[in-house]
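Student: Sequence:
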Amino acid sequence: QKSNLRDLMNKYLAVLTYDGTDFKGSQKQTNSRTVQGSFESALMSIHKEFVSTEFASRTDSGVHATNQVASFESSKELSSDLWISSINHYMPKDAKILKCIRVDKNLNVRRDALEREYVYKINFDRNISPIENRYYEHIDYHIKTEDLSKVYELFVGVHDFLSFAGRLAPSDISSKREIKHISHVKDEKSLEFSIIGKSFLYQQVRRMIGSFLLFMKGKMTINQLSEMIDNPKKGAINFLPSSKGLYLSNIK
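Numbering-wise (the working numbering), the sequence shown opens with residue 1 and increments by one.
No wet-lab data here; the hints were simulated from the structure. Think of the CB as a built atom: it goes at the ideal place given N, C-alpha and C, for glycine as much as any other residue. Some hints could be false.
Said to hold, decoys possible - DEER-style ranges, computed between Cβ atoms:
{"#": "1", "residue 1": "Glu-115", "residue 2": "Lys-48", "range": "19 to 27 angstroms"}
{"#": "2", "residue 1": "Asn-133", "residue 2": "Glu-153", "range": "45 to 53 angstroms"}
{"#": "3", "residue 1": "Thr-145", "residue 2": "Thr-66", "range": "30 to 38 angstroms"}
Said to hold, decoys possible - Quick list of in silico lysine-lysine cross-link-like pairs, DSS-like style, CA-CA up to 30 angstroms:
{"#": "4", "residue 1": "Lys-24", "residue 2": "Lys-180"}
{"#": "5", "residue 1": "Lys-186", "residue 2": "Lys-28"}
{"#": "6", "residue 1": "Lys-121", "residue 2": "Lys-93"}
{"#": "7", "residue 1": "Lys-24", "residue 2": "Lys-198"}
Sequences are here, hints too, so could you generate the full structure?
Tutor: This is the structure:
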């Protein structure tokens, strides 16, 4: 009976964008406002029954997304446009669906993701506007960006990133990860980093950014960073920039 029901189901992939400020992260939690909770609530309004979803990436409290990916199963066959307008009708104003397409039933959005890109935005304008202050990490100290490419060389490739894992990162999983690319763009009042990898440890991206900031401030040397990668130790980087500057920007 169950497999017959499953045969009638279609699998859909949805691309979401959200302002993470007022969400306790993407992953559903009881008694907390989350992106997954809002998405499942919208699907429930359409289906009149619970529909479970799977998210490709877990974002922390306060982290934004311009391209988060999730999947769900449904016996309904709606056009892409109709799915988008129906779901968005029930979504809160700070989270929306950008795309919804039917995909192969065997697709697993989490496991089959080839790479994830995070962007981190920093503003160093002395009089930052309240609007930008919501979406940028604001720093008021002098930074030097000249030698950042040397720092990136240390991180790119497969390494044990335990030094950059958050305190609550599970200790029963491997801390080896592959960083495929790191770059930045800078103008007179802001700096934007892009970090691409297959997957990341809990808080890894923000702690990597923290180490870049310490380096740009002159508080950390290339040798010290190299040591943290070669001899990984949990809690080695305890500088955690705020979540408001972090965006999940792409999933392949």
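Student: Evaluate each hint against the coordinates.
Tutor: Here's how the hints hold up against the structure:
no.: 1; hint: Glu-115 <-> Lys-48: 19 to 27 angstroms; in the structure: 37 angstroms, violated
no.: 2; hint: Asn-133 <-> Glu-153: 45 to 53 angstroms; in the structure: 33 angstroms, violated
no.: 3; hint: Thr-145 <-> Thr-66: 30 to 38 angstroms; in the structure: 24 angstroms, violated
no.: 4; hint: Lys-24 <-> Lys-180; in the structure: 29 angstroms, holds
no.: 5; hint: Lys-186 <-> Lys-28; in the structure: 35 angstroms, violated
no.: 6; hint: Lys-121 <-> Lys-93; in the structure: 23 angstroms, holds
no.: 7; hint: Lys-24 <-> Lys-198; in the structure: 24 angstroms, holds
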